[in-house]
Amino acid sequence: MHDRYGPDALASPTQPARATSQPRAAERGLVVEEVQTGWVGAVVHVEKSGGIHLVVLEDRAGRTRSFPLGPGFWVDGKPVVLTPPVTSRAPAPPTRTASGSVAVHGHRSRVARGSRIWVEGKHDAELVEKVWGDDLRVEGVVVELLDGVDNLAAALADFRPTPDRRVGVLVDHLVPGSKERRLADEALRTVPAGTVLVLGHPYVDVWQAVRAERLGLSAWPVIERGTEWKRGILRSLGWPAGSQEDVARAWQRILRSVRDYRDLDPALLGRVEELIDFVTA
Numbered sequence: 010m011h012d013r014y015g016p017d018a019l020a021s022p023t024q025p026a027r028a029t030s031q032p033r034a035a036e037r038g039l040v041v042e043e044v045q046t047g048w049v050g051a052v053v054h055v056e057k058s059g060g061i062h063l064v065v066l067e068d069r070a071g072r073t074r075s076f077p078l079g080p081g082f083w084v085d086g087k088p089v090v091l092t093p094p095v096t097s098r099a100p101a102p103p104t105r106t107a108s109g110s111v112a113v114h115g116h117r118s119r120v121a122r123g124s125r126i127w128v129e130g131k132h133d134a135e136l137v138e139k140v141w142g143d144d145l146r147v148e149g150v151v152v153e154l155l156d157g158v159d160n161l162a163a164a165l166a167d168f169r170p171t172p173d174r175r176v177g178v179l180v181d182h183l184v185p186g187s188k189e190r191r192l193a194d195e196a197l198r199t200v201p202a203g204t205v206l207v208l209g210h211p212y213v214d215v216w217q218a219v220r221a222e223r224l225g226l227s228a229w230p231v232i233e234r235g236t237e238w239k240r241g242i243l244r245s246l247g248w249p250a251g252s253q254e255d256v257a258r259a260w261q262r263i264l265r266s267v268r269d270y271r272d273l274d275p276a277l278l279g280r281v282e283e284l285i286d287f288v289t290a
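Quick note on the numbering used here: the sequence shown kicks off at 10 and runs consecutively.
It is worth saying that the hints were derived from the structure and are not from the lab. Quick caveat: nothing in here was measured; it's all calculated off a predicted structure. All C-beta atoms in this analysis are idealised placements derived from N, C-alpha and C, irrespective of residue type, glycine included. You can take every hint at face value.
Pairwise CB distance ranges, derived in the manner of DEER restraints: (1) Arg174 to Asp274: 28 to 34 Å; (2) Gly123 to Gly251: 41 to 47 Å; (3) Arg122 to Thr236: 39 to 45 Å; (4) Ser245 to Val151: 34 to 40 Å; (5) Pro275 to Gly38: 41 to 47 Å.
Starting from the given sequences, assemble the full structure and let the hints guide the process.
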C-alpha cells in the first residue's frame, strides 16, 4: 500500500557528505574566491603583517584586497586552505665556469705556482679574472700587472724565468711590424728558450675584445690615428669622456656586459687559453 505521507518525519534524513578543504599553495597567478566576501582575484603575492600571513588578490579591474591565509577560499569550485607558496630551492651550482671549463666545487684554491701570467694593465687583469678566475685559482696561477709592454724586458730580468718558473705574457696590439711586436721580440732574446711565451690580440685595447653587440653596437667605432683611443671611443659612443673617472666608469659598464667566454672575441679567448696551458705544463 502506498504511503502518501512518505517516510517517518522524525527519522534523520541522509545528508550529503561535505567537501573537505584541501591545502593549496598560494602561488602567484592562482585564481581564488574568498568565500565570505565573494571576492575573486588572482594571487599577486603573499606578505607578512603583524605576524600574520596575508594573501593579496587582484580582481579583473586591477583592485587588490588582502585576506589572511588559511581556510575560507575556493579554487575551481572546491574549498581549499591557502598555504604560503613553496620557496624555491637554492639554485644548483653551475656545471661550467665562465670560461666554459668544467666547474670544480668545494675545491680550495691551489697554492700559487712559481709561474705567472702577466697582462699589460688593470682592465686586462679584470677581464681575465672575470672569465678565467675560477680556472686560475684551481690551477694556482697568479695574474700580475706588467704596466705596459715597454717594461717587459726589465720585468723579465727581475723575475729570471726558468723551465719551472715560466711567464706567459698577454700583449695588446701584437701584430707584425708594431712597436709591441718589436719590444716583445727584444725581450724574448734575453731569456732562456721555452721559459717565456708572449701572445696577444690584434686590438688597440682589450676593450675591443668584448663583442660589440653586448653594448648594442654593430661594431666598435674606428678612431683616427693621433686620437687617444679610449677617449675617442667614449666620444663616439656619446658617453662622458672628460676625465679618467669617466674612462673607469665606462670600463666597468663594458665589463658588466660580459657574462662568460661567449661574449669575448676568439682572438683573445685562444691566446689566454694558450698562456694558461703554457704556465701550467
